[in-house]
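First to last, the sequence lines map onto chains A and B. My numbering numbers the first residue of the first sequence as 1 and each following residue consecutively. My numbering numbers the first residue of the second sequence as 363 and each following residue consecutively.
No lab work stands behind these hints, which were simulated from the structure alone. Note that CB positions come from ideal geometry on N, CA and C, so glycine has one too. Wrong hints could be hidden among the right ones.
[Unchecked claim] As a list, the in silico PhoX-like pairs of lysine-lysine whose alpha-carbon atoms are at most 20 Å apart:
(1) B:598 - B:422
(2) B:469 - B:541
(3) B:560 - A:131
(4) A:131 - B:637
(5) B:552 - A:131
(6) B:422 - B:599
(7) A:108 - A:120
(8) B:541 - B:552
(9) A:168 - A:185
[To be verified] Covered stretches of chain B, going by a simulated chain A footprint (3 or more residues, C-beta under 8 Å):
(10) 398-405
(11) 550-559
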Amino acid sequence: MASVTLDNVRKVYAGSIEAVKGVTLAIPDGSFTVLLGPSGCGKSTLLRMIAGLETITDGSIAIGGKRVNDVEPAERDIAMVFQNYALYPHMSVYDNMAYGLRNRGVPKDRIEARVAEAAKLLGIEGFLKRKPRELSGGQRQRVAMGRAIVREPQAFLFDEPLSNLDAKLRVQVRIEIRGLHNRLKATSIFVTHDQVEAMTLADTVVVMNQGRIEQAGAPTEVYRRPATQFVATFIGSPAMNLMPGRVVAAGVAQTSGGRIAFDPVLFDVADGQPVEVGIRPEDLQFVEPGEGTLSFAGAFVEELGATRLVHGTSGSAQLVVAVAAAVQHSPSAGLAAEPGAVHLFDPDGGRSLRRDIRSTSS
Amino acid sequence: MVERRRFGNLFAYAVLSLGVFIVAFPVYLCFIGSTHEQSVIANGQMPITPGDLLYQTYYKTLFIGTSGTTREPVSGMLLNSFVMASVIAVGKIAISIISSYAVVYFKFPFRMAAFWLIFMTLMLPVEVRIYPTYKIAADLRLLDSYAGLTIPLIASATATLFFRQFFMTIPDELIEASKLDGAGPIRFFKDTVLPLSKTNIAALFVILFIYGWNQYLWPLLITTRDDMQTIVIGIKKMIVTADALTEWNVVMATAMLAMLPPVAVVILMQRWFVKGLVETEK
Numbered sequence: 001m002a003s004v005t006l007d008n009v010r011k012v013y014a015g016s017i018e019a020v021k022g023v024t025l026a027i028p029d030g031s032f033t034v035l036l037g038p039s040g041c042g043k044s045t046l047l048r049m050i051a052g053l054e055t056i057t058d059g060s061i062a063i064g065g066k067r068v069n070d071v072e073p074a075e076r077d078i079a080m081v082f083q084n085y086a087l088y089p090h091m092s093v094y095d096n097m098a099y100g101l102r103n104r105g106v107p108k109d110r111i112e113a114r115v116a117e118a119a120k121l122l123g124i125e126g127f128l129k130r131k132p133r134e135l136s137g138g139q140r141q142r143v144a145m146g147r148a149i150v151r152e153p154q155a156f157l158f159d160e161p162l163s164n165l166d167a168k169l170r171v172q173v174r175i176e177i178r179g180l181h182n183r184l185k186a187t188s189i190f191v192t193h194d195q196v197e198a199m200t201l202a203d204t205v206v207v208m209n210q211g212r213i214e215q216a217g218a219p220t221e222v223y224r225r226p227a228t229q230f231v232a233t234f235i236g237s238p239a240m241n242l243m244p245g246r247v248v249a250a251g252v253a254q255t256s257g258g259r260i261a262f263d264p265v266l267f268d269v270a271d272g273q274p275v276e277v278g279i280r281p282e283d284l285q286f287v288e289p290g291e292g293t294l295s296f297a298g299a300f301v302e303e304l305g306a307t308r309l310v311h312g313t314s315g316s317a318q319l320v321v322a323v324a325a326a327v328q329h330s331p332s333a334g335l336a337a338e339p340g341a342v343h344l345f346d347p348d349g350g351r352s353l354r355r356d357i358r359s360t361s362s
Numbered sequence: 363m364v365e366r367r368r369f370g371n372l373f374a375y376a377v378l379s380l381g382v383f384i385v386a387f388p389v390y391l392c393f394i395g396s397t398h399e400q401s402v403i404a405n406g407q408m409p410i411t412p413g414d415l416l417y418q419t420y421y422k423t424l425f426i427g428t429s430g431t432t433r434e435p436v437s438g439m440l441l442n443s444f445v446m447a448s449v450i451a452v453g454k455i456a457i458s459i460i461s462s463y464a465v466v467y468f469k470f471p472f473r474m475a476a477f478w479l480i481f482m483t484l485m486l487p488v489e490v491r492i493y494p495t496y497k498i499a500a501d502l503r504l505l506d507s508y509a510g511l512t513i514p515l516i517a518s519a520t521a522t523l524f525f526r527q528f529f530m531t532i533p534d535e536l537i538e539a540s541k542l543d544g545a546g547p548i549r550f551f552k553d554t555v556l557p558l559s560k561t562n563i564a565a566l567f568v569i570l571f572i573y574g575w576n577q578y579l580w581p582l583l584i585t586t587r588d589d590m591q592t593i594v595i596g597i598k599k600m601i602v603t604a605d606a607l608t609e610w611n612v613v614m615a616t617a618m619l620a621m622l623p624p625v626a627v628v629i630l631m632q633r634w635f636v637k638g639l640v641e642t643e644k
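Please model the entire structure based on the sequences and the hints provided.
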């Protein structure tokens, strides 16, 4: 097992399309890091550069303290699980798992032992003689992981491995992957566009957008203290509500739907400064309309069973409110939120106006 | 079709039977001809029931040959044809699978130029380039040899194109997985590309074997010695302009024998052939 260090890594494709624009990231030994972002944000490119499947335009990548920029993929001692599994269709499950070891000249009895061990770990002992096409999606997924595990690599790379599974299986395999990581304690880098996967799997979530890291941190950290407006809206479902407004007094912001209090200690703002006010749907509560609340005109309701999403408008802003299914509300009620749950972003560039984030990152 | 209509089925069977009859009847006549005396056919009284000379005619055809014209026994011609068709088929597949592999999986300068150059030779079959090809074969002393019969026909744009299209359907992840598994280009070719191409190779072999077997113009030019001629040329040489001198029973028997190997190849490889053209194992 080893740490993975990226230092100002860039990728420019022919035609000067810059897919990755200078990423610096330290992935500690044994951690589970998730690269999260919308499609085209450069997360897969970054992973493929770590694997050695893409050349590195600029910067350097080190695995276990050793610079690997010019090292062949096979010699980087990493294993990768692909989105479509990429199992060899003409080989049995056993051969699929043993192939990489054979190519490395591992003795036959060691191969047998390792494959048996991995198969047991993944519960695929019964399928070793079958061909991949005779397996279900979930079983193929396991074989792909088995192929990675038998290699006993420095790091595991996962390229959206769950996106070809149906929703139920995805949850199950997600839990299995995390369980496996807890047992093997292997450095893992996992690419996904699914924020739920990221939140549940990761020790560290790295949110990427347009080839840059927006924020890296523990899942709760990224959720509670988003560094940018992009992170705030990308993490959490339904997405955080945003309302353009202005600071009118210490701890009070004026939006088109009314005034809302925020925690003045947390934010570095001046009176009269334009801000984007962000409040998560689950942090909003219905209250009697009055001073210090937001007006709200409900338009329609999505029933999700345990919770209920109320869509509507507050002034000129579109809002979503998530409430427990039992909560009743009138069509035009007021909305309030704890001052501590209110986020402020700079309308110009979308950076968070939090004192602690601003001081550390700029 | 799901619905079963009795009349519809009958009609389909009738059309199919007619088709089979049209194709099979000349073959049948040919077989009948090979079991009668030469004079029976020469008289113009073509019987439609088998005669009693089956064994004699085929023995004579295979091991003795005609009394006049090309006096070679047909067994030698069969061997020549078989060697030619097999070498052409195997050679074409071997060369084109390697060149497609190069064109699809390697980045080198003028890669596409190389591909288009190969592609353009589609427009240059043997018939078009026959004089220069003959000249080269003659200068290299390839006349009347298996090498001369086969090598000039081996380069194949069609097969290269066929394999290129197939290779492009192999997912990139498979190459990447191989790279991570420590397989270099040769290992990837041997362990992954070849096994995946198995059915395609079989399908192509059938087509190319028949192509080689049916070659007429090139063997006609390149072989002058009777013991090097192929069976297709042999049939041609057996037929004399003076109709009455032609030993039609031997000609018919030769035609029947000429049909057998391609038919055998098709029947034996039919399953693979269909699989290779319609299925993919990915």
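Comparing the hints with the structure gives:
1. B:598 - B:422: holds, 18 Å
2. B:469 - B:541: holds, 16 Å
3. B:560 - A:131: holds, 16 Å
4. A:131 - B:637: Holds, because 18 Å separates the two Cα atoms, which is no more than 20 Å.
5. B:552 - A:131: holds, 19 Å
6. B:422 - B:599: This hinted pair holds, its Cα atoms lying about 16 Å apart.
7. A:108 - A:120: Holds, because 18 Å separates the two Cα atoms, which is no more than 20 Å.
8. B:541 - B:552: holds, 14 Å
9. A:168 - A:185: With Cα atoms ~26 Å apart, residue 168 (chain A) and residue 185 (chain A) exceed 20 Å; violated.
10. 398-405: violated (count 0)
11. 550-559: holds (count 4)
Of the hints listed earlier, those the structure fails to meet are numbers 9, 10, in rising order.
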